[in-house]
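Assemble chain B with the ligand onto chain A, guided by the hints.
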Amino acid sequence: MHGVKRVQYSKEVLEARKQRDQARLKDYLALYEQVFQKRKNKDFSQDAFDSTTNILRMNPELYTIWNYRRNVMTNGIFPASDPSKVNDILSDDLSLTFALLKEHPKVYWIWSHRMWCLEHVPDGPTDDQLKGWKTTNWKKELFVVEKMLDADARNFMAWNYRRYILGNMDPPPPPSAELTYTTKKIEANFSNFSAWHQRSRVLMSLWKEGKLDEKTSKQTEFELVQNAMYTDPDDQSVWIYHAWLIDAGEDTALLRREITSIQELLDEQPDSKCTVYGVACPIQEAHFGEAFGQLGP
Amino acid sequence: MKGAESGKDDYSEYDTPHLIMTYTALLSLAILRDDFERLNKPGILKLVRSCQRADGSFTSLPNGGDSDLRQVYCAFAISSILDDWSGIDVGSAVKYIQRCSNYEGGYGQSPGGEALGGTTYCALASLYLALSQSTSSVSPHLSPEERTRTIRWLLQNQTPVGGFSGRTNKVPDACYCFWAGASLHILGASEYVNVTALASFLSKCQFKFGGIAKAPEDTPDPYHTYMAVAALALYPPEGADKSYNLPKLNALWNTTEDTAEWIRSHIQRRS
Ligand SMILES: [Zn+2]
Chain A
1 MHGVKRVQYS KEVLEARKQR DQARLKDYLA LYEQVFQKRK NKDFSQDAFD STTNILRMNP
61 ELYTIWNYRR NVMTNGIFPA SDPSKVNDIL SDDLSLTFAL LKEHPKVYWI WSHRMWCLEH
121 VPDGPTDDQL KGWKTTNWKK ELFVVEKMLD ADARNFMAWN YRRYILGNMD PPPPPSAELT
181 YTTKKIEANF SNFSAWHQRS RVLMSLWKEG KLDEKTSKQT EFELVQNAMY TDPDDQSVWI
241 YHAWLIDAGE DTALLRREIT SIQELLDEQP DSKCTVYGVA CPIQEAHFGE AFGQLGP
Chain B
1 MKGAESGKDD YSEYDTPHLI MTYTALLSLA ILRDDFERLN KPGILKLVRS CQRADGSFTS
61 LPNGGDSDLR QVYCAFAISS ILDDWSGIDV GSAVKYIQRC SNYEGGYGQS PGGEALGGTT
121 YCALASLYLA LSQSTSSVSP HLSPEERTRT IRWLLQNQTP VGGFSGRTNK VPDACYCFWA
181 GASLHILGAS EYVNVTALAS FLSKCQFKFG GIAKAPEDTP DPYHTYMAVA ALALYPPEGA
241 DKSYNLPKLN ALWNTTEDTA EWIRSHIQRR S
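Listed in order, the protein sequences are those of chains A and B.
Residues in the first sequence are numbered consecutively from 1, following full-length UniProt numbering.
Residues in the second sequence are numbered consecutively from 1, following full-length UniProt numbering.
For the record, the hints were derived by calculation from the structure and aren't laboratory data.
Glycine included, C-beta positions come from ideal geometry on N, C-alpha and C.
Treat the hints loosely; a few may be bogus.
Unchecked claim - Derived, one-sided and incomplete: chain A residues facing chain B with beta-carbon distance under 10 Å: (1) Tyr108; (2) Phe156; (3) Asp247.
To be verified - Residues of chain B placed beyond 10 Å of chain A at every Cβ, according to the derived structure: (4) Glu13; (5) Thr24; (6) Leu27; (7) Glu37; (8) Ala54; (9) Ser60; (10) Ser92; (11) Tyr103; (12) Glu104; (13) Gln109; (14) Leu142; (15) Ile186; (16) Ser203; (17) Asp241; (18) Tyr244; (19) Arg270.
One chain only, chain A, in its complex shape (with noise of 0.2 Å):
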């Protein structure tokens, strides 16, 4: 387990729990034996299903057994059941891997049946609400990974997980609230990075629909990147999105601002990294170099 650190166990509780270990992995041997049986017979009933969820509740990275339950549920279950039940049978596994996500967080199928669930939510509840069902899902589903990244705040498969979710939800959230979510995760820990970078693909994204102009945007990202190097001048996320801010550097006057603001900057702490992180970045390297050259001294 990561994170866990060494602890010394007396020898009856190393006994008690190798006892109980046992247990339980005979008992997971016998329930493996019977799934796959099923499996091989076809078996798409009820009771199929139920193992699938005893036996993945043991261990979700039986990546078969994942295929083996959906099949279960498009074969047997689904085709006996109204579109009401549909959803309530969708909506308690989106129950069940949701509590192996807090046990899991980095199961990849765990995730991935999830999505699967999302996108089989069936059309009602009326014929005035299609969308209704799937509406309910999705927003809950923006809870769920906002829960996960409370949990771990880097967790890079909730990130993408989120990223699905935004780009997927109909209708899709107001474009700011994704900048403001992100405003939040920046402002409890600016060496979140995954924060930042899930701030430049917003931000990417406005500016090429024309949802947000570019040029002002800018403006108000450099401060906020600004508020952060003289918080931690050391701080590798913060330089990283200052480079990509810059950009390919082409804008001349904006790079001799920036760089007379970073001169500021070592001026007041002189052993800051900001000269390793920030601008000696290569990218930018050569027209640094011009920027300095025209600078003069």
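Only chain B with the ligand this time, still in chain A's reference frame:
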């Protein structure tokens, strides 16, 4: 293996074939010095082919599963181990790899993702493995600017305590000493790694009763033990004692040169 190819039955008693497991199985067989007499090469190529998607990426399983740079690497490694690239559309796969590259300098797990040490290795190893394919051009699809930027990002992740972290502003971890170290090795930038600090970090991850943990004071596991030893095989500290004499490592396949040679003589030169 020929016997295990049970035709069209989706419900064999075995798990569905898996791209990552196929790569590790080939390496494991080579490590065990199997003669590869029973290797079903067309079957493996069929698996690889059926896993590639329209955007160039690969899924773990023929019928889906996750899809990111890890599977791309396994497809490339399998093709180069078999010395047969007919299971892959290399052009579209390379385009996918390039879409995962980001401004930090590393490669995200999938397009738009934050740069990660492990998937940066997958991207670079794939690009360089593709060079061994006769029809490809001599350039590894990396511009000098991209190469410099990637080297820079990787080096920034060597933390003051000597170990590499996997992402910007994360704590160092023994496995990233391999992912980042091997990436720098592939890029021909080994000389910039602080080998003394690296060895000092890894020795602190060592557990007094054996094995190496992800970080000092943590619990050792086989994965981090292997990765740490592999990193040291690429970066032995200067003036090290005999205990650091490790077999030469093939950074692209992530196996010893001896095993790589076994593969060349028993799989590649056979056909
Ligand atoms: Zn690790």
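Results for each hint:
1. With 10 Å as the threshold, the beta carbon of Tyr108(A) comes within range of chain B, its nearest partner Cβ sitting at about 4 Å, so the hint holds.
2. Checking Phe156(A) against chain B: minimum C-beta separation of about 6 Å stays under 10 Å; hint holds.
3. Taken as an interface hint, Asp247(A) checks out: its beta carbon lies about 8 Å from the nearest beta carbon of chain B, inside 10 Å.
4. For Glu13(B), the condition that its CB be more than 10 Å from all CB atoms of chain A is violated, with the nearest at approximately 6 Å.
5. At the 10 Å boundary, the C-beta of Thr24(B) stays outside the reach of chain A, the nearest C-beta of that chain being 15 Å off.
6. At roughly 20 Å, the least C-beta separation between Leu27(B) and chain A is larger than 10 Å, which holds for a residue marked as non-interface.
7. No Cβ of chain A comes within 10 Å of the Cβ of Glu37(B); the nearest lies about 28 Å off, and the non-interface call holds.
8. Separation of Ala54(B) from chain A is adequate, the least Cβ-Cβ distance of about 18 Å exceeding the 10 Å criterion.
9. Residue-level check failed: Ser60(B) sits 7 Å from the nearest beta carbon of chain A, not beyond 10 Å.
10. Under the 10 Å C-beta cut-off, the non-interface status given to Ser92(B) relative to chain A holds; the minimum distance is some 21 Å.
11. At roughly 5 Å from the closest C-beta of chain A, the C-beta of Tyr103(B) falls inside 10 Å, breaking its exclusion from the interface.
12. With a least beta-carbon separation of about 5 Å from chain A, Glu104(B) fails to lie farther than 10 Å from that chain, contradicting its non-interface assignment.
13. With a cut of 10 Å on Cβ distances, Gln109(B) falls inside the contact zone with chain A, its closest approach being about 7 Å.
14. Every C-beta of chain A lies more than 10 Å from that of Leu142(B), the closest at about 14 Å, which supports listing it as non-interface.
15. The claim that Ile186(B) is not at the interface with chain A holds, since no C-beta of that chain comes within 10 Å of its own (minimum 19 Å).
16. Every beta carbon of chain A lies more than 10 Å from that of Ser203(B), the smallest distance being close to 17 Å; the non-interface claim holds.
17. Under the 10 Å C-beta cut-off, the non-interface status given to Asp241(B) relative to chain A holds; the minimum distance is some 27 Å.
18. Residue-level check passed: Tyr244(B) sits 25 Å from the nearest beta carbon of chain A, beyond 10 Å.
19. For Arg270(B), the condition that its CB be more than 10 Å from all CB atoms of chain A holds, with the nearest at approximately 32 Å.
In summary, the structure is inconsistent with hints 4, 9, 11, 12 and 13 from the numbered list given earlier, while agreeing with the others.
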